[in-house]
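Protein chains in written order, with the numbering used here: chain A, 1 to 744; chain B, 1001 to 1164.
Source of the hints: derived by calculation from the structure; they are not laboratory data. Computed from a prediction, not measured in an experiment: that's the story for all the values here. Yeah, the Cβ is synthetic: ideal placement off N, Cα and C, and Gly gets one too. Errors might be hidden in some of the hints.
[Unchecked claim] Some chain B residues flagged as far from chain A (calculated, every beta-carbon gap over 10 Å):
#, residue
1, Phe1065
2, Leu1086
3, Arg1128
[Claimed, not checked] Capping the alpha-carbon separation at 30 Å, the derived lysine-lysine pairs in DSS-like fashion look like this:
#, chain 1, residue 1, chain 2, residue 2
4, A, Lys397, B, Lys1015
5, A, Lys379, A, Lys421
6, A, Lys397, B, Lys1085
7, A, Lys421, A, Lys373
8, A, Lys613, A, Lys409
9, B, Lys1015, A, Lys495
10, A, Lys276, A, Lys203
11, A, Lys397, A, Lys613
12, A, Lys6, B, Lys1146
13, A, Lys6, B, Lys1094
14, A, Lys210, A, Lys406
15, A, Lys368, A, Lys6
16, A, Lys203, A, Lys495
17, B, Lys1004, B, Lys1094
18, A, Lys406, B, Lys1146
19, A, Lys276, A, Lys6
20, A, Lys613, B, Lys1085
21, A, Lys582, A, Lys210
22, A, Lys495, A, Lys613
23, A, Lys582, A, Lys522
24, B, Lys1085, A, Lys731
25, A, Lys613, A, Lys203
26, A, Lys210, A, Lys495
27, A, Lys210, A, Lys584
In case you want the letters, here they are:
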Amino acid sequence: MTGAAKYTEDVSVEGALHAVFVRSFMAHARIGDIDFGSAVGMPGVVGVFGAGDLDLGPENSDEVPDVFARPMLANETVRFVGEPIAVVVADTLAEAMDAAALVLVDYDPLPVVVDPEEALARGAPLLFPEHGSNVAVERNFTSRAPREREPEVVVTGRFLNQRLSAVPMETNGALAVPDPDTGGLKMWIPCQAPHWMSREISKALGLEEKQVHVVAPAVGGGFGAKIATYPEQIVVAAIAHRLGRPVRYLEARSESMVAMTQGRGQVQHVRLGATKEGMITDLEVTNIADQGAYPGEGSSLSTLTRQMASGVYRIPYIHYRTFCVATNTTPTFAYRGAGRPEAAALIERAMDMLAQELLMDPVELRRKNFIPKEAFPYKTASRARYDIGDYEATLDKALEMAGYEKLRKQQQERRAAGDVKQLGIGLSCYVELTGFGTDSSTVEVHEDGSVSATTGTSPHGQGHETAWAQLVSARLNIPHERVQIVHSDTRLTAKGDGTMGSRSLQIGGSAVHGASVGVLEKAKLLASHLFEVSVEDIVQHDDGRFGIAGVPDSVVGWGELASAASDPARLPEGMDPGLSAKDKFGYDDNTMSYPFGAHIAVAEVDTETGQVKLLRHIAVDDCGRILNPMLVEGQVHGGVAQGVAQALFEEVVYDEDGNPLNANLASYDMPTAAELINFETAHTETPSPLNPLGAKGIGESGTIGSTPAVQNAVIDAVNHLGVRHIDMPLKPERVWRAIRRTAG
Amino acid sequence: MANKTISVTVNGGSKTSEVEPRRLLVHWIREALGLTGTHVGCDTSSCGACTVLLDGTPVKSCTMFAVQADGRRVTTVEGLQQDGKLHPIQEGFKEEHGLQCGFCTPGMMLMGAALLEENPDPSEDDVRWAISGNLCRCTGYQNIVKSVQWAAKRAASEQPGAHA
């Protein structure tokens, strides 16, 4: 706020060299000679490195066969535009850029495949010919229970869940500084999980994990694209380690738009069956998930889509096929929602089509099929175990806020009048899953009466410093200004899985809670020892100090207790020194929480131009017990904005040769303030039984809930003209064409 | 081309230095002056993270050469605070949770401050339009708009003769 926050690029290190990557401008080619000749002799150049020069192995993933492993620098073959081939290291950035432009790469072009459905076809160009097909993983899923009854009504659709760029405002980069004390490195990396970075980089360099000390300083947004440990970051670490000199790199935005993992990218063939009364009988899906050039960890996300495909409905029978496919495009991975928005879009779009087919109000159809609140915990046919839910409550609240009946009436009036500008009302009732992994915390009270708490989460705008301080302050009755939250530094924090997947409060926060409770118990025990009374007689006064019930004169404060705790002579038998406690909290897959909600979008569509105007967006989200309403609001606003952006504006576009056509912020169409509106938000609170805070994730709910509501609203505005479906993003041309097709 | 000596008033203080003519204003501010609150978020003049005020008018400092600022007055985010007191726009962002990751914030605040100089009582639409050259990925803009409007109210209440 004062400009004092230090992002990676703001960390100043004397003598740091600058690395600039030479990236492929072909989407698929065999690499011939790489001529470093004239680059090497350029002023300031310290080194030029190619695939063979750094002794770095490729990156494997358990999700896919080893053949898909990605080399750190391309050797022999390049598979997407932007793939790094070589790297130039020089004294200044300008010198490195100038020299990088002189590295000459011989390309022998290979046939390109960009479209994931085409990549499936027989005879398609193969990215990894030795694998024999572009399908990295194929999964066939059928629910355990057999089909109960045959559908009387069936709707089918092919839905594109388009590829998106995450666009955190700060691009990727890294700064690696050799650490003579450990023989390893200290690194500053804009990332979401510093401990993961440390693990991956140390593994790649053959170092011990503790030799790679990673700090995530101020991080300018992540949204999933700063989870992966990127080849560029490993290469920069390897060069710093080899040269014994600090090395840094920072992506320009147009580099970042091709180098950073992208999100979504699914083609969904959907068939939803129901009875004439609108009771769903079955769902069949074939999902083609575009993994980009190097299928890897991202291949797991389509499993989440399958798991959540049942949405908020009782669906007796589900059959689901998934193909994770390689294409000559930037690799895909998590982007806010990561597999779950695709599921919500799939089922919510199909529900609207079914309602249209049955001539039933979409609200009524949803109500008929909701999993009732008495049914939890509920196991879906797609094998998710929902902890708790009250879907009807969020829908009721959203309908009331929207004034649903009145909106339908206005819609009817405009339809009857044949207005050029038609009104659409779109619903989305969603459920998602949050809270994987484990986290630890150590809470310690110091002799000055202040307290510090470590966390393995790694906030970059979510406000954990505030929320975690609130937790500690409330448990210990120490003012929150005196609480320090220690995070994002692998040397200062216990291991944790960072910040992603809307996990932080329910996992990291629960660990902080547990450690705080531990400290409070220890403090009471210590006070009872000092006062020579039983622990049951110890009370904590309103001012935070401890005393003996009914004896107002004997009091001891936090600072004094901390001093006593550091003096072995004053400790009771068996108590460890230090007024601190640790806790670890973690879930397994069966105990993740399932936030839910109902969103309603109201859109106006100009039937002559296809122009869409979002008039209102109502979001009712249930993330369990709310700790800090302001932070929750912030998460919902940002999430809804990104969800609206997918529905209306954003899409990564490649031409048939695999050239990215909008890989910069001038043409990507990320919305500004002028394209968005104020969102109307509210909450219901259904605490999760699975953690002591009753919390569920909120970081991605807005994104998951909003996209189908907006898409449904636009289609709802024109479905009386015979339009059944329009793919996202709902840009004027696409909407106009859909109207023309049916009208013509 | 030969280097050129420039003299710029930055956040109220005079700064003189020799610069390469091709040096962008944002790089001069960040590297020569060490004022790293001005950020670079793109390479197409689209994101506005590098916004500074030039003689009171917001400009994208990635789209100007440092030599073009010679003899002029530049305000960066570090210059918003006066005598240790936050500018109303900074208070607004704090009160209304107008920032999350903070990367776009300096640019947004300078746009907001410039808007309030021109229009002390902006409507929601006025604010949305004014900041539409600056991108934010975290907030959905809603609380940024509220922050600017909060600052407008605060500034109005601080005017001499205004009722606090």
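Hints, one by one, checked against the model:
1. At roughly 14 Å, the least C-beta separation between Phe1065 (chain B) and chain A is larger than 10 Å, which holds for a residue marked as non-interface.
2. For Leu1086 (chain B), the condition that its CB be more than 10 Å from all CB atoms of chain A is violated, with the nearest at approximately 8 Å.
3. In this structure Arg1128 (chain B) is not separated from chain A by more than 10 Å, as the shortest Cβ-Cβ distance comes to only about 4 Å.
4. For the suggested pair Lys397 (chain A) and Lys1015 (chain B), the alpha carbons sit about 58 Å apart, so the restraint of at most 30 Å is broken.
5. For the hint pairing Lys379 (chain A) with Lys421 (chain A), the CA-to-CA distance comes to about 43 Å; that exceeds 30 Å, so the pair is violated.
6. A hinted pair counts as satisfied when its Cα atoms are at most 30 Å apart, and Lys397 (chain A) with Lys1085 (chain B) does not qualify at roughly 43 Å.
7. The hinted pair formed by Lys421 (chain A) and Lys373 (chain A) fails the criterion: a straight-line CA distance of about 39 Å is larger than 30 Å.
8. A threshold of 30 Å between alpha carbons decides the hint, and for Lys613 (chain A) with Lys409 (chain A) the separation of about 19 Å falls inside it, so the pair holds.
9. For the hint linking Lys1015 (chain B) to Lys495 (chain A), the alpha-carbon distance of about 46 Å lies beyond 30 Å, and the restraint is violated.
10. Restraint check: the Cα-Cα separation between Lys276 (chain A) and Lys203 (chain A) comes to about 58 Å, which exceeds 30 Å; the hinted pair is violated.
11. Distance check on the hinted pair: Lys397 (chain A) and Lys613 (chain A) sit about 24 Å apart at the alpha-carbon level, within 30 Å; holds.
12. The suggested pairing of Lys6 (chain A) with Lys1146 (chain B) holds, with an alpha-carbon distance near 26 Å, which does not exceed 30 Å.
13. For a cut-off of 30 Å, the pair hint linking Lys6 (chain A) to Lys1094 (chain B) stands: about 18 Å separates their Cα positions.
14. Restraint check: the Cα-Cα separation between Lys210 (chain A) and Lys406 (chain A) comes to about 62 Å, which exceeds 30 Å; the hinted pair is violated.
15. At most 30 Å may separate the alpha-carbon atoms for a hinted pair to count; Lys368 (chain A) and Lys6 (chain A) exceed this at roughly 53 Å.
16. Our distance criterion of 30 Å between C-alpha atoms is met by Lys203 (chain A) and Lys495 (chain A), whose separation comes to about 16 Å.
17. Simply put, Lys1004 (chain B) and Lys1094 (chain B) have alpha-carbon atoms about 40 Å apart, too far for the 30 Å limit, and the pair is violated.
18. Distance check on the hinted pair: Lys406 (chain A) and Lys1146 (chain B) sit about 29 Å apart at the alpha-carbon level, within 30 Å; holds.
19. Taking the CA atoms of Lys276 (chain A) and Lys6 (chain A), the gap is near 61 Å; set against the 30 Å cutoff, the hint is violated.
20. Only pairs whose Cα atoms come within 30 Å are accepted, and Lys613 (chain A) paired with Lys1085 (chain B) is rejected, the gap being roughly 41 Å.
21. Of the supplied pair hints, the one linking Lys582 (chain A) and Lys210 (chain A) holds, its CA atoms being roughly 20 Å apart against a limit of 30 Å.
22. For the hint pairing Lys495 (chain A) with Lys613 (chain A), the CA-to-CA distance comes to about 46 Å; that exceeds 30 Å, so the pair is violated.
23. Distance check on the hinted pair: Lys582 (chain A) and Lys522 (chain A) sit about 11 Å apart at the alpha-carbon level, within 30 Å; holds.
24. For the suggested pair Lys1085 (chain B) and Lys731 (chain A), the alpha carbons sit about 46 Å apart, so the restraint of at most 30 Å is broken.
25. Of the supplied pair hints, the one linking Lys613 (chain A) and Lys203 (chain A) is violated, its CA atoms being roughly 50 Å apart against a limit of 30 Å.
26. Distance check on the hinted pair: Lys210 (chain A) and Lys495 (chain A) sit about 11 Å apart at the alpha-carbon level, within 30 Å; holds.
27. About 20 Å separates the Cα atoms of Lys210 (chain A) and Lys584 (chain A), which keeps this hinted pair within 30 Å; it holds.
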